[in-house]
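Participant: For the protein sequence lines, the chains are U and B, in the order given.
Residues 7 to 216 in my numbering are what the first sequence spells out, letter by letter.
Residues 14 to 255 in my numbering are what the second sequence spells out, letter by letter.
Keep in mind that the hints were calculated from the coordinates and are not lab data.
Do not take every clue at face value.
[Unchecked claim] Beta-carbon label-pair distances, calculated as ranges: (1) B/66 - U/24: 38 to 48 Å; (2) U/152 - B/173: 52 to 62 Å; (3) B/207 - U/22: 52 to 62 Å; (4) U/103 - B/224: 44 to 54 Å; (5) B/193 - U/34: 31 to 41 Å.
Keep in mind that this is a model prediction, so the values were computed, not measured.
Note that CB positions come from ideal geometry on N, CA and C, so glycine has one too.
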Amino acid sequence: MPESSFTADDRAVSAVPSDDELWLRAGRGDTEAFAALFERHGRSVYNFCFRRTADWAAAEDLMSIVFLEAWRQRGKELARGMVRAWLFGIATLVVRNRWRTQRRYRRALARLPRESGTPDFADDVESRLADESRMAALVEQLRRLPKREQDVLALCVWSGLAYEEAAVALGIPVGTVRSRLSRARNRLRELAEASGHEEGGALPNPRSSQ
Amino acid sequence: MTLDPHSLPLDRGLPARRFAARRDHLVRELEVSRGRGGSLWGLRPRHALVAAALGLVAVVAAPALGVGHGLFGLLDSDPRVPGIVGNRVQQLVSVPTPAGEASLWVGPTEASGRCVFIHVGGVANGGVPTPNGGSQCDIGPSAPQTLPIATNLTWYPANGTFTLLIDGHVAPGSRITRVVMKAGAQARVLTLAKGYFLADVATAPQGQLPANGTPYVLVGYDKNGQEVSRVDLQRLAGSAGP
């Protein structure tokens, strides 16, 4: 793009600190930088937690725990562009050890101010309940896969992480992510066939950063 | 039901007010944790197990190191449980560490013994510290210390890794009046309080010395500056590590 077409809006966009920059600042104790990461990734972590638990209320607390846990490890050096992936890695562990982590952070969570007035979810409470029911059935089905394949599927397919990001999140080589996902796909296909159902559409391929 | 893992419920966000409440709560908690020296909401269970295992190793090795001739105690070392007379514990030394302020405490046991323990984190004014950094206790009267400098290493969780603490005691008859920790060309004089000392060595992998290859030694000198005793931390780590 020629320099002359560089607009003020473009400059405004480029001035937004990257995840890496925010993480670096958080590592130095900058709580506002960390809060900016929360604002940026809280929603996707929240949805990820919901998809692993089929429980919106639990997902809300788990989202908070993921970020509290991330803050605890704020001194960690992360590969460039991998803050989001790393947050998903923490989310995977937090969900896996859900009861333990909730117990660990119960005091912190207890300090969350109680809501007052009309519940925030009044408008979509029914659809949220329907979500939970549908997700619970999916989670139940997914439990037939080994946990490590569930993790890869949840990260790559449900949350759209690239193979490389999932590898960072789970602390495993990229090749292992690929092979686990491939095995997960095959197992799902076999399970669908064994149940006498038509196979669902092909699982979308994760993005690749290469 | 057909497996169709991509027929997911749609993404949802929290209502703005609720999300903002979570954000504000998070920031408050971060500030609280920072006020505690960056430490958290309690020792992680796994780390507690590691600490307990290290304590157990230290206990087994204690007689060889000249400390703790009786039982000791990670398992019964809380001054608020039988054993230590909680209201008579005294702080000896305090040092800053990446995990927060670490302090060395000593207190008598009900059976005329003695407990020495490390507490990491703040202590409320007038409160009783907990031995969350490990402890060593003699249940009954202590036997004389046989080594000029008796030492313990503790790897305490900090910022996703560990910080290595060294504590110890100088035998009263050893003539040692000054203890210096040397790391390569650097030397640090440690504060002695009633013969006890505590120092934060450096960040280190669990059970090992810092990975920079620098030799760490503890040297005790008498009042004339003559070396009386020397402890090689590498060898000590080899016997205390997991």
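Participant: Take the hints in turn and mark each one as holding or not.
Facilitator: Hints versus structure:
no.	hint	verdict
1	B/66 - U/24: 38 to 48 Å	holds, 41 Å
2	U/152 - B/173: 52 to 62 Å	violated, 28 Å
3	B/207 - U/22: 52 to 62 Å	holds, 57 Å
4	U/103 - B/224: 44 to 54 Å	violated, 29 Å
5	B/193 - U/34: 31 to 41 Å	holds, 32 Å
Going through the hint list in order, the structure does not satisfy hints 2, 4.
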